[in-house]
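Colleague: Just need the whole structure built from these sequences, with the hints factored in.
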Amino acid sequence: MASLVGSRVERKEDKRFLTGKGRYTADINLANQTYAIFVRSPHARASIKKINIDKASKSSGVVSILTGKEIADDKIGGLIAGWAIRSEDGTEMKCPGNPPLAKDNVNFVGDPVAVVIAESLAEAKEAAEKVEVDYKVLKAVTSTADAMNGDTIHEGIDKNLCFDWLLGDRQKVKEAFDKADKVISIDIVNNRLIPNAMEPRACVADYNAASEEITLYTTSQNPHLSRLIMSAFGNVAPEHKLRVVAPDVGGGFGSKINVYNEDIVCSWAAKKINRAIKWVAERSESFLTDIHGRDHVTHAELAVTKDGKFLGFKNETIANLGAYARVFGTVTPTYLFGPCATGVYEIPAAYTNVKAVYTNTAPVDAYRGAGRPEATYTIERLVEKASMELGIDKTELRIKNFPTVFPFKQTLVHTVDSGDYVAGMEKAKQMADYKGFEARRKESEAKGKLRGIGVTSYFEACGIAPSAAVMSLGCGVGLWESAEVRFNPTGQVTVYTGSHSHGQSHQTTFAQIAADELGVPIENIDIVHGDTDKGTFGMGTYGSRSLAVGGIAIVNACKKIVEKGKRVTAKMLEANPEDVEFKDGEFIVSKSNKKKTIGEVAFACYLPGVRDEMKSPLPEGDEPGLKETSFYDPSNFSFPAGTHIAEVEIDPETGHVKLQKYTACDDFGRIINPMVVEGQVHGGLAQGIGQALYENAEYDETGQLMTGSYMDYTMPRADNFPEFNIGYTCTHATTNPLGVKGCGEAGAIAAPPTVMNAVIDALGGQEVTMPATAEKVWKACKNLKKSNAKAA
Amino acid sequence: MKDFNYHSAKDSKEASKLASSSSAFLAGGMTTIPSMKLGLATYKDLIDIKNIKKLSGIKVSGKSVTIGAATKHVEVSNSKDVKKAIPSLSSLAEGIGDPQVRNRGTIGGSIANNDPSADYPSACIALNATIHTNERKIESAKFFKGMFETALKKGELIEAIEFQIPEKSSYQKHPNPASRYAIVGVYVAKHKGDVNVAVTGAKSCVYNDKEMSKALSGNFSSSSIDGMDLDSSEMNTDMHASAEFRASLVVTQAKKAVDAC
Chain E
1 MASLVGSRVE RKEDKRFLTG KGRYTADINL ANQTYAIFVR SPHARASIKK
51 INIDKASKSS GVVSILTGKE IADDKIGGLI AGWAIRSEDG TEMKCPGNPP
101 LAKDNVNFVG DPVAVVIAES LAEAKEAAEK VEVDYKVLKA VTSTADAMNG
151 DTIHEGIDKN LCFDWLLGDR QKVKEAFDKA DKVISIDIVN NRLIPNAMEP
201 RACVADYNAA SEEITLYTTS QNPHLSRLIM SAFGNVAPEH KLRVVAPDVG
251 GGFGSKINVY NEDIVCSWAA KKINRAIKWV AERSESFLTD IHGRDHVTHA
301 ELAVTKDGKF LGFKNETIAN LGAYARVFGT VTPTYLFGPC ATGVYEIPAA
351 YTNVKAVYTN TAPVDAYRGA GRPEATYTIE RLVEKASMEL GIDKTELRIK
401 NFPTVFPFKQ TLVHTVDSGD YVAGMEKAKQ MADYKGFEAR RKESEAKGKL
451 RGIGVTSYFE ACGIAPSAAV MSLGCGVGLW ESAEVRFNPT GQVTVYTGSH
501 SHGQSHQTTF AQIAADELGV PIENIDIVHG DTDKGTFGMG TYGSRSLAVG
551 GIAIVNACKK IVEKGKRVTA KMLEANPEDV EFKDGEFIVS KSNKKKTIGE
601 VAFACYLPGV RDEMKSPLPE GDEPGLKETS FYDPSNFSFP AGTHIAEVEI
651 DPETGHVKLQ KYTACDDFGR IINPMVVEGQ VHGGLAQGIG QALYENAEYD
701 ETGQLMTGSY MDYTMPRADN FPEFNIGYTC THATTNPLGV KGCGEAGAIA
751 APPTVMNAVI DALGGQEVTM PATAEKVWKA CKNLKKSNAK AA
Chain S
1 MKDFNYHSAK DSKEASKLAS SSSAFLAGGM TTIPSMKLGL ATYKDLIDIK
51 NIKKLSGIKV SGKSVTIGAA TKHVEVSNSK DVKKAIPSLS SLAEGIGDPQ
101 VRNRGTIGGS IANNDPSADY PSACIALNAT IHTNERKIES AKFFKGMFET
151 ALKKGELIEA IEFQIPEKSS YQKHPNPASR YAIVGVYVAK HKGDVNVAVT
201 GAKSCVYNDK EMSKALSGNF SSSSIDGMDL DSSEMNTDMH ASAEFRASLV
251 VTQAKKAVDA C
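So the protein sequences, as listed, match chains E and S. All residue numbers for the first sequence refer to this note's numbering, where the first residue is 1 and numbers rise by one. All residue numbers for the second sequence refer to this note's numbering, where the first residue is 1 and numbers rise by one.
These are calculated hints, taken from the structure and not from any lab test. Note that the structure is predicted; figures quoted are calculated from it, not measured. Please note that a few of the clues may not be correct.
The list that follows gives simulated cross-link-like pairs (lysine-lysine, DSS-like), each with its CA atoms no further than 25 Å apart [stated by the list, open to error]:
{"#": "1", "chain 1": "E", "residue 1": "Lys-583", "chain 2": "E", "residue 2": "Lys-571"}
{"#": "2", "chain 1": "S", "residue 1": "Lys-44", "chain 2": "E", "residue 2": "Lys-58"}
{"#": "3", "chain 1": "E", "residue 1": "Lys-125", "chain 2": "S", "residue 2": "Lys-2"}
{"#": "4", "chain 1": "S", "residue 1": "Lys-2", "chain 2": "E", "residue 2": "Lys-776"}
Modeller: So this is what it looks like as structure tokens:
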């Protein structure tokens, strides 16, 4: 039987997605359901003096109106930060309370203060407009860079500072800088982004008064984790009385990791009114209240010798958490950022210092790449600048500082098990025709255009991650994953996974893995996920962990099935279990060459006694049935890496940047389904290029979101991109049995510095902030013209 | 969206009769419907004019192209007659919004709305268009009054737009990357006697740039406007472009348009 791992198996989920048969949360309608509309703060910062619901309550169709007072009275808990981070001085991070409905203060535009539940959506909306909230408007803090000098947002949190964190050794770095021939320094801004999943958030909450169970259908990337948080911290219901279902989910990119206010409020309120409640976000609500991503202000320095060896690295960053610290809000700018900020280089001394600040903006949390795009942007912009200042070719300078021996003990935290960074660079250069760039630059010049080339070499730590490691770093849970593999008596297989697919093609990729492990046709394998009543506990999908963690749990559970199968076969064929081999779905006794198919074995396990040859095929100690579970805790992160090269052409008259070529050469270890991986790379690149050239979440000084719709927030479109040139090198991960590494975030990590390095190369080294909009580039072109004229 | 009464008018007369101070005509609804959904506009009555047969269609004579008010952008961009008579008008229509907008939005709706960043108003100015309403004919120069403001009176309905066929013309747009409306769009048209340089997106309302028109009437070459330093004091500044950048873009796009003629 040919192996399915490595082949372009067509996606099993596409039939329902492409024919409109997907079942998303908004598609779910329950009998006698009501509709919720949230009354949200129009102010970025205010205290709530009074809420008057008299008029609204009399509005037609209103079932209930609930405010922060009721939710506090019922002792429903607030939203939480999932990682505890300590400051350099040893103090604990400072987190404000974040009630699901604000009671005393609102802290960003969109912060919910009340929920209106009515018989119809239109009635709920109409009544919501009649809720009168008397606010005392306070001065908002919106700027990341100036947040520490602003008014105190949360009582008792001085300077709006959640923590002042250090990773690395300042003294060693000082010594390294003292020895340097040259110090390259850079000031950069990592622009704030809005995730914009295609499916807006939604939830439907139901209550069964007889069983006292709450069922919550919601757009989540991790239903079990949501249940745990809502139960343990939200006090919504004990875990066994709370079922969380995340059906088809249309994209998450990190924005659907969090339990949100609406999930808690609707679950709590459904029990209160003893009816189902449906809430679906409008796109404007998504812009305002989904978590946002990035938003760093960084000063970084690189100490180098004159022949280009890196000696030391400093990184001083202010990270914006928004109004509240959420699930991955505090780890994203720390342990997901700091360790990767030294990039793919041997740098003897380094530190990263992060001051995480609160502002009156939407909470900032993990968004595709989470910390690693910010880290890669920092080091790769710095290395590119070093190449300009040192006059050393940008690829040569990188190669000079690559590690060549693996495992590679990276400067700050990680031990990278495998990789070949030089091979990746050489292949990327060939794919991009790096040598031919100068000729292409001249061609552009002849047309009056400026052409630039940019390079990024990255690695990232994903497949998050060993429980012992993450919990020692402050994570509130262990990041293992579970799988359960069940055979039906007639030989089909159901795989329950704790990972969640919201676009990642698990139904196909995981089925390929199980098909190979069990020798069962892929058509006979179903992948089930997304329902706390079905699968064993799981940690969900984020940080490119589904395959490298969840996939391995499936492999391990399959291996247990095979072990039992060997024992059963041995009993059935009167052989020693050690003499039974398993290959392509058959158990073969090596000495006699007698065999049983895995289907026959499964049948025997469920119906012991029906076979002629013996009463029971089950060995002593084995129970009937064929079902195995695995909880897999990885021994390390996985470390994909690669080199990307971009070429841009700029029209100096309009500042328009055209991305002419984009080459991505990645090492994702073993690839299970190349088509799925290409899709992941394309999507990641679109988001990364979007950050570099188009996307930007902008608040004005009063805290109003200026880019609150697609009229002003530029989502990239297909016509913004060239045909992507994608290739791979492959070194297998040595820390998992499949040799796989994560691929979901690579594009979003590597593309921003790659594109910006190309833009800045075209502009003769002039800094431009992301996104490189036409006006910014036009101004830089004017400056370039002036300085060229002066030089001449 | 608040409840409203929907009417489908069978002719202009009925449409006009139904109009009141709390009504709106619905042509494509590409601005009206989103405004209502966002609560920015509320109407008691929406009077749909799409089904009035007389308002749709394209007629070309030796001197002019006349387009019915309810004609969709996609019909203008696909029309062989328009492509032949005024190719720049067809390519303007092809560059409006996205396919969904082009399949619903209409020329009359665009002009009546007079969005300061819309494309069609510049075509009207550049191509000396006459706006035919159910009551009168209005010259373009007198039609576009200010931001979202036109010479139309309450209940007055655009029936058709008659464009003068120029000797040469081109429309060049620097789009807002998010909305794809014009940050600056410049429509250059060379007629027998003179040259029009209609500019959209730059100011609160579309206008004919007299300085460039004059220079190009004298010498129809991009060199005659190259480096022209336009007054940016009345130009728009927003998060997408400053007045200074817009002023520069007006010249750049005008040059491109002349070169493309």
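Colleague: Assess, step by step, whether the Cα of S:Lys-2 is no farther than 25 Å from the Cα of E:Lys-776, and give holds or violated.
Modeller: Between S:Lys-2 and E:Lys-776 the Cα gap is close to 41 Å, so the pair fails against 25 Å, i.e. violated.
Colleague: Holds or violated: are the alpha carbons of S:Lys-44 and E:Lys-58 at most 25 Å from each other?
Modeller: 23 Å, holds
Colleague: Does the structure keep E:Lys-125 and S:Lys-2 at a Cα separation of 25 Å or less?
Modeller: 10 Å, holds
Colleague: Given the hint that E:Lys-583 pairs with E:Lys-571, does the C-alpha gap stay at or below 25 Å?
Modeller: 18 Å, holds
Figure legend: structure checked against the earlier numbered hints; the only hint not met is number 4.
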